[in-house]
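For reference, the chains in residue letters:
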Amino acid sequence: MVQDRVMEKLAILADAAKYDVSCSSGQSTRKNKNKGLGDTGSGICHAFTEDGRCVSLLKILLTNHCIFDCAYCVSRKSNDIKRAAFTVQEVVDLTIGFYRRNYIEGLFLSSGIFDNPDFTMERLVRIVKKLRLEENFNGYIHLKAIPGASQELLREAGLYADRLSVNVEMPTEQSLKLLAPDKNHADVIKPMEYLKNEIVGYQEEKKANYKTPLFAPAGQSTQMVIGATKENDMEILGMANYFYEQMKMRRVYYSGYVPISHDNRLPAIGTPVPMIRENRLYQADWLIRYYGFNVNEIVGFDQPNLDLDIDPKLGWALRNLHQFPVDINTADLELIQRIPGIGFLSAKKIVAARNFKRLQPDDLKKLGIAYSRSKYFLAFSSPFYMQKDLTSIQIKSQILNMQNSKYKNDFSNQLSLF
Amino acid sequence: MTQIIYDGSYEGWLSAVFESYEYKLKDVVFAKKENSNRLLFSNTHFVITDNNKANRVLNGLEQRLSKNGFSSIYLAFLSELDQIEEMLFRFVQYAFSSPINIEGDLSRSEVLNVKKAAHLTGKESHRMKAFVRFKLTKDDLYYAIVEPDCDVLPLIEQHFKNRYADQRWLIYDSKRRYGIYYDLEDVTTVEMQFESNPSSSFLAEINDENEEFFQNLWRNYFSSVNIESRKNTKLHIKHMPKRYWKNLTEKIPNLNKR
Numbered sequence: 003m004v005q006d007r008v009m010e011k012l013a014i015l016a017d018a019a020k021y022d023v024s025c026s027s028g029q030s031t032r033k034n035k036n037k038g039l040g041d042t043g044s045g046i047c048h049a050f051t052e053d054g055r056c057v058s059l060l061k062i063l064l065t066n067h068c069i070f071d072c073a074y075c076v077s078r079k080s081n082d083i084k085r086a087a088f089t090v091q092e093v094v095d096l097t098i099g100f101y102r103r104n105y106i107e108g109l110f111l112s113s114g115i116f117d118n119p120d121f122t123m124e125r126l127v128r129i130v131k132k133l134r135l136e137e138n139f140n141g142y143i144h145l146k147a148i149p150g151a152s153q154e155l156l157r158e159a160g161l162y163a164d165r166l167s168v169n170v171e172m173p174t175e176q177s178l179k180l181l182a183p184d185k186n187h188a189d190v191i192k193p194m195e196y197l198k199n200e201i202v203g204y205q206e207e208k209k210a211n212y213k214t215p216l217f218a219p220a221g222q223s224t225q226m227v228i229g230a231t232k233e234n235d236m237e238i239l240g241m242a243n244y245f246y247e248q249m250k251m252r253r254v255y256y257s258g259y260v261p262i263s264h265d266n267r268l269p270a271i272g273t274p275v276p277m278i279r280e281n282r283l284y285q286a287d288w289l290i291r292y293y294g295f296n297v298n299e300i301v302g303f304d305q306p307n308l309d310l311d312i313d314p315k316l317g318w319a320l321r322n323l324h325q326f327p328v329d330i331n332t333a334d335l336e337l338i339q340r341i342p343g344i345g346f347l348s349a350k351k352i353v354a355a356r357n358f359k360r361l362q363p364d365d366l367k368k369l370g371i372a373y374s375r376s377k378y379f380l381a382f383s384s385p386f387y388m389q390k391d392l393t394s395i396q397i398k399s400q401i402l403n404m405q406n407s408k409y410k411n412d413f414s415n416q417l418s419l420f
Numbered sequence: 035m036t037q038i039i040y041d042g043s044y045e046g047w048l049s050a051v052f053e054s055y056e057y058k059l060k061d062v063v064f065a066k067k068e069n070s071n072r073l074l075f076s077n078t079h080f081v082i083t084d085n086n087k088a089n090r091v092l093n094g095l096e097q098r099l100s101k102n103g104f105s106s107i108y109l110a111f112l113s114e115l116d117q118i119e120e121m122l123f124r125f126v127q128y129a130f131s132s133p134i135n136i137e138g139d140l141s142r143s144e145v146l147n148v149k150k151a152a153h154l155t156g157k158e159s160h161r162m163k164a165f166v167r168f169k170l171t172k173d174d175l176y177y178a179i180v181e182p183d184c185d186v187l188p189l190i191e192q193h194f195k196n197r198y199a200d201q202r203w204l205i206y207d208s209k210r211r212y213g214i215y216y217d218l219e220d221v222t223t224v225e226m227q228f229e230s231n232p233s234s235s236f237l238a239e240i241n242d243e244n245e246e247f248f249q250n251l252w253r254n255y256f257s258s259v260n261i262e263s264r265k266n267t268k269l270h271i272k273h274m275p276k277r278y279w280k281n282l283t284e285k286i287p288n289l290n291k292r
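Chains as they are written, first to last, in this note's numbering: chain A, 3 to 420; chain B, 35 to 292.
Treat the hints as calculated values from the structure; they're not laboratory data. Among the hints, erroneous ones may be present.
To be verified - Listed next, the in silico DSS-like pairs over lysine-lysine satisfying Cα-Cα at most 27 angstroms (straight line):
| no. | chain 1 | residue 1 | chain 2 | residue 2 |
| --- | --- | --- | --- | --- |
| 1 | B | Lys101 | A | Lys359 |
| 2 | B | Lys150 | B | Lys172 |
| 3 | A | Lys20 | B | Lys58 |
As the list claims (entries may be wrong) - Some chain B residues close to chain A (C-beta under 10 angstroms, calculated; not the full set):
| no. | residue |
| --- | --- |
| 4 | Tyr176 |
| 5 | Arg197 |
| 6 | Ala199 |
| 7 | Leu218 |
| 8 | Thr222 |
| 9 | Asn254 |
| 10 | Phe256 |
| 11 | Ser257 |
| 12 | Val259 |
| 13 | Ile261 |
| 14 | Leu269 |
| 15 | Lys280 |
| 16 | Thr283 |
The beta carbon of each residue, even a glycine, is placed where N, CA and C say it ideally should be.
Same shape as in the complex, but just chain B (with noise of 0.2 angstroms):
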């Protein structure tokens, strides 16, 4: 068994895959760099990040796979399941042993394995989008905090580029410690420190005059609309599960209601 520890990033595990070609390496496994848990009694291999070696490998992928079904590897990877790595590696394993496409095979578990993953995280992209909740700063920026289960921030940046062209904006994915900040030029990757329970009267200093306002007519919306001999709550929770709740404005109560 050889353990092959990388940095982390997509394209130190691509650079993995290569070097586990390279060097005829036999039952692979991953671990990344920052990662302690180190397996006893086998062969370790570091890798280097290498964009070549990483480019190889998808220039591979991309002409047995459909356009679709390359992207989901990608997908896969942000998932953060755990094993996912020795999963992806499977897949690529048998795409590159297969003389035809083999993204459709369903029944085996290499594939289904990866379509559910990349599944997992389009969802979870898809749900950041919509569970963003901006607060303006007294000097005009958008700020967001979020926690999402999947590292989805790279998916959404051009989303919210394209609609929030005309404001700064910045997502701050707590989990994960880095955030993305849109400079009305550019979307760039920032890591910081934010205060996880920053306190009411601090708020009221950096945040601008109205946003306490509009937070208070959001929950005023949202508690209008909802038809109470329709109450169905376990729908409600499919939809909004109770981990998303401490960033969503709507369901955090108003402390200090007038």
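Next up, chain A with everything else stripped away, as it sits in the complex (with noise of 0.2 angstroms):
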């Protein structure tokens, strides 16, 4: 029966995308227009799964038929797994189907290679002309730029998408060299390099002539796959910098290895996903992008990896005591965002209440500040509190031995070794 297929597709086509950690949706900036359907810019979660990770987008392969042979990837051609093709009907009326009933804001569609690059991302341009062309249809699409496939379908794809990415996949060129032996360096970063000045190109063309196109107007991203390799987070989050300045990237995805291979060069089936250090590199990459951060302050050759048991930016507070005690009722909001535990929502409301009067401790609780956690770097005027001249050390054993966190156990057994 049709509908069993369709739903067998369904099950391996979505389970072999889920690695793929993208599922933002709420940069673009496409209307509904002549009362067609969708819209987006509203960045709705509609569902959160079972590992906590959010559900915005119908996020699938078109096939994971696979010419290429990645060591870290479930779809490479040497893996022993069901396979399965959707049609361009198929993947248009499930992405409609689910637009309707609100379970999604779109589509986000990768592609096993089957035949070679040109061939996958006409079929993947394909669905998404028909989508828009055919079905009216405004709502989010991220599309997979394949490497190696020509300019002419990128720049297709970018004016009918709204994201558009090329996964990097490993932090540098050797560990791509020594897991995907088919794929190139310069395969990755060439469309990135096209893809960035078109969008650019599109966007000033766009403020001299409104009825400019949009061009991918939610910009371009990528991913890294983190653990697989033993690159440091000096090297990840140096090559994630590189995105942000060089390549204008919106967003750089960090996705733990999840093991699902026998092969030597990876870590065996059975080790731990690296979700601590996942979390500290999302925080990183957080300051870096909101706080002002520069990535030097974060990691550095004295400090090439980011600390497990606390995040980067009491990291770099314990690192930098000599920048405190700050005055929250007089300094400036870059100074105040930098505090651990305050983050900028609470600066900005620190800000805005300190007009007022003169803040204290009771003040910053119930702005429902993490005082616990902040206090160790905060001056107030008045002599209540007298902050005691503590080392870094003695701070972080304080902060640690207050706070619950669900991987204390994993540092635990790390520290025992020592």
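Given two chains presented individually in distinct reference frames, assemble the corresponding complex, making use of the accompanying hints.
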């Protein structure tokens, strides 16, 4: 029966797509036009799977047939798994059917490479065109740019998709060579560069002429697999920084490697997913993008890896105690944001509230600030709270004692080695 | 102490605020008309909703607050938190008594409470934009049942109208027993009774023939994208609290699985 077959394909091709972690859908500007279906800009997570990750898009592969044999990938040629392929119409029907029921914000379509890159890319583009032109679908579409596909196809993809992404996969060229012998670093960087120039070009043109069509209005992103190879966090964040600065990426995703292979180049099956490390990398990424930190302040040659037991902002503060204490009643917003326990929303609240009175510890607690963390870094003019001169090791152990991390067991294992 | 009885609407409450100034009422508490928890030993003041009075209060507030601060009053009102009317009243009094905009004065509970309540409603309305699950009927109506913590339908109608411009839809709040209905032109508020536990044969009769298939596809998709080795139930429940599950297709097991 046709329905049963579609059901089975969906299971296979959603399962194969789930290791791509990108799920954002909020950064596009596409509006509903001519009373059609859908719009973008809300960035809604419609559901959350049992692993706690959000489901915003229908994330599927067009097919998991692949001519490549990348060791880290479930769909690699040599892997003995069930293969399937959707037809163009099936992807369109699933997307529209899910979208109309408010299950999703749109489609995230990727694919294994069958035949050759252009052949694959042409199919992906055909689906997006059909959604936009025949179904008048204005929801979010994230399309994978297949490395090695022609520039004409990439350009067409950009005219219909909201976001395009080429996954760099491995943080360094050596690792890519080791694990993905069919892939070439230049094949990944070249389309990124092309897309960057097109995106910037269309944006400029749009300023001059509002009728200029949208070109990937949600920009481009990429993903790195973490923990499959031996790169340190400095190399990973350095690469990310390169993408943000040179490629104007909107997002770099870090995907903790989920062991799926007995290949001895990779961590064995059963090795835990490096979830804490992944989390710390995202925290560092946020500090760089939103808190005005420079990547060199977070990692460096003397500190090539992020601390696992404390977050990178606290780590930075402990290494830079000479910058504290900060008086929240007078300091600049930028400096307040750097205090551990105070995020940028809290910092804004502080700056608003201090116009009315000098803020005291009780006021901070009321505002919902993590006072027990931040108190080591705050200066108050009134004498009732005297800051003792604690060393960074003392502060760290006091903070660790009071926090109850779900990862605590993992740390104690690591610490008992020494 | 004076208890002001109003009709439960936002305009009604604003009229009540107006009259508390007009009649110089002291120690004001509010009660909705349908509630019978009238206070003993207090003066009672009945308010008839008056749009002129409501607008005068709104205009005054608009002049004293930022756009955000102004709309947070309505959001906080829709939160339906216990004693929200009194909290809002104290906020409004503070706003009117001060020569400057007071919404940044967050160390005062009058201000902070309203900000928190508005935040709660905002979060709930975002949640409902996410958790509505439409089902398609044979006559091409997409309908969904929700039970939000706050009265958020007025806040989400524009979103659904913009997004689903080409399909008829109905979102029904089974807690507050009203819905919003879009007929391809406008959104209207409808009051109706909905069967809370419809039988599967009844659903089979009204639902489109492909409806069940799509629900099963969605359940299938939802379980296929989960990564078993990253299981994190705490986070899952934090983002999708259990009280919403009964209206979420993917959290309802398929009873008549083939």
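To see whether the hints hold, each was checked on the structure:
1. B:Lys101 - A:Lys359: 23 angstroms, holds
2. B:Lys150 - B:Lys172: 43 angstroms, violated
3. A:Lys20 - B:Lys58: 63 angstroms, violated
4. Tyr176: 6 angstroms, holds
5. Arg197: Nearest chain A Cβ about 5 angstroms off; hint holds.
6. Ala199: 4 angstroms, holds
7. Leu218: Nearest chain A Cβ about 8 angstroms off; hint holds.
8. Thr222: It is violated, given that the least Cβ distance between Thr222 of chain B and chain A is near 18 angstroms, above 10 angstroms.
9. Asn254: Status holds, d = 6 angstroms.
10. Phe256: Given a least distance of 6 angstroms, the restraint on Phe256 of chain B holds.
11. Ser257: This hint holds: Ser257 of chain B lies near chain A, its Cβ roughly 8 angstroms from the closest one there, short of 10 angstroms.
12. Val259: This hint holds: Val259 of chain B lies near chain A, its Cβ roughly 5 angstroms from the closest one there, short of 10 angstroms.
13. Ile261: OK, holds: Ile261 of chain B within 10 angstroms of chain A, min 5 angstroms.
14. Leu269: Holds, because the Cβ-Cβ distance from Leu269 of chain B to chain A comes to roughly 3 angstroms (cut-off 10 angstroms).
15. Lys280: Result: violated, 15 angstroms to nearest chain A Cβ.
16. Thr283: 8 angstroms, holds
The structure does not agree with the numbered hints 2, 3, 8 and 15 stated previously, though it agrees with the rest.
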